[in-house]
Amino acid sequence: MTQDKETKKGLARLEEVLNTFGADPARWPVSERAALEALAGTQDQARRLIGEAQALERVMDTAPELKASNALKARIVAAAANDPVREARVVPITASPGRSGHSLRVRRAALMWPAAVLAASFAFGLYLGVSGVGGQVFEDAFQVAAINGAGGDAEAISWLEDDSGLDAEDLL
Amino acid sequence: MPSHEAKPPRAHARPGASQNEARQADKALMARVSQGDAQAFQQLVDASIDRVLSVARRMLGDDMEAEDVAQDVFLRLWRQAEHWEGGRAQVSTWLYRVTVNSCIDRMRARREETVDELPEVSSEATQHLTLEAEDLQDYMDAALQGLPERQRVALVLFHYENLSMSAVADTMDASVEAVESLLARGRRALKKSLKSQWKAFLPEMPE
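Protein sequences, first through last, are from chains C and U.
Each position in the first sequence, counted from 1, maps to that position plus 1118 in our numbering.
Each position in the second sequence, counted from 1, maps to that position plus 121 in our numbering.
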């Protein structure tokens, strides 16, 4: 009788662990792993639960995964190179005479970008030519620039300080 | 066009350097990015974009929107580089968090747009998928999109991104217990909504 109760309790816990952590025992809590695996060694019901969890994960693993195209990478690098927010933060300092740390930084940046931007633009141009989606892409790029131009530094800093952006009610 | 690929086998442990080493490497790379170093930025994009893109794709169920999220996230990173505090978080954690939040914003905007036309999707609703799915991947995609957003985030980060429970909790700004509850509810909902699909994969059991 006691044995049955224990087994029942173990099976209930196994089901809970499978729902939370999945079918891979390596991801189960270390403190419970051995006992749950032992249960699977003796109980058909435990093996059935694990089999179901494995089958579900085989289906879950068919969810599409994206790989970035070179065109997307080029689009991102180009957007950063032409970013009006970073530019606004840096450009005014170049107008001042002298060789402050900032102006050196700007000069260094100015030397670094052209090659990367040229390469990115070339790849981006090829992509636009082939795909014919240039209008939408340029529209997106300008939209991002316009939104961030309006937000300015205050927006950027608030992201740094609290980038969770989640409400307490969303926690569960 | 982006390419879809099957999910690679999951590693049991996160490979690579210790957290401290990773933070130091992040700090050095972000310092270069803050100087306007295009190569460093390109390096960051190359190293992280597939993760960002996959999370966004699984969250939103839309390739083009996922690409827009990726661009937005990296542009934010570019702007944040000057303010980066190496001790606070790894770049990867920051990227996951901003990606997830950006996706949630988009999902909420979508919901506001369609609230008059469609009932709110719940995990119960996913029990009866009515879409005309062509294959398993479509069913899975639809079931994932049918989950409440926080359950979806937890599953995407824990199952697909293979993050530890504490890393998921950190990214979601939630307790470990809350994440465990979200995962259990999410997986239960998927198990119900995809019953006829996963049953086909059941191993033979002795009578």
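In case anyone wonders, no lab produced these hints; they're calculated from the structure.
Fair warning: there could be bad hints in the mix.
[Claimed, not checked] Here chain C is said to cover these stretches of chain U; the calculated rule only asks that three of the stretch's residues, wherever they fall, bring their Cβ under 8 Å from a Cβ of chain C: (1) 162 to 173; (2) 186 to 192; (3) 256 to 267; (4) 304 to 317.
[To be verified] Below are the SDA-like pairs computed for lysine to any residue, each with C-alpha atoms no more than 25 Å apart in a straight line: (5) Lys-1191/C / Ser-296/U; (6) Lys-312/U / Glu-1150/C; (7) Lys-1185/C / Asp-171/U; (8) Lys-1185/C / Asp-262/U.
We put the beta carbon where it would ideally sit given N, CA and C, even for glycine.
Against the structure, the hints come out as follows:
{"no.": "1", "hint": "162 to 173", "verdict": "holds (count 6)"}
{"no.": "2", "hint": "186 to 192", "verdict": "holds (count 5)"}
{"no.": "3", "hint": "256 to 267", "verdict": "holds (count 6)"}
{"no.": "4", "hint": "304 to 317", "verdict": "holds (count 7)"}
{"no.": "5", "hint": "Lys-1191/C / Ser-296/U", "verdict": "violated (35 Å)"}
{"no.": "6", "hint": "Lys-312/U / Glu-1150/C", "verdict": "holds (23 Å)"}
{"no.": "7", "hint": "Lys-1185/C / Asp-171/U", "verdict": "holds (5 Å)"}
{"no.": "8", "hint": "Lys-1185/C / Asp-262/U", "verdict": "holds (17 Å)"}
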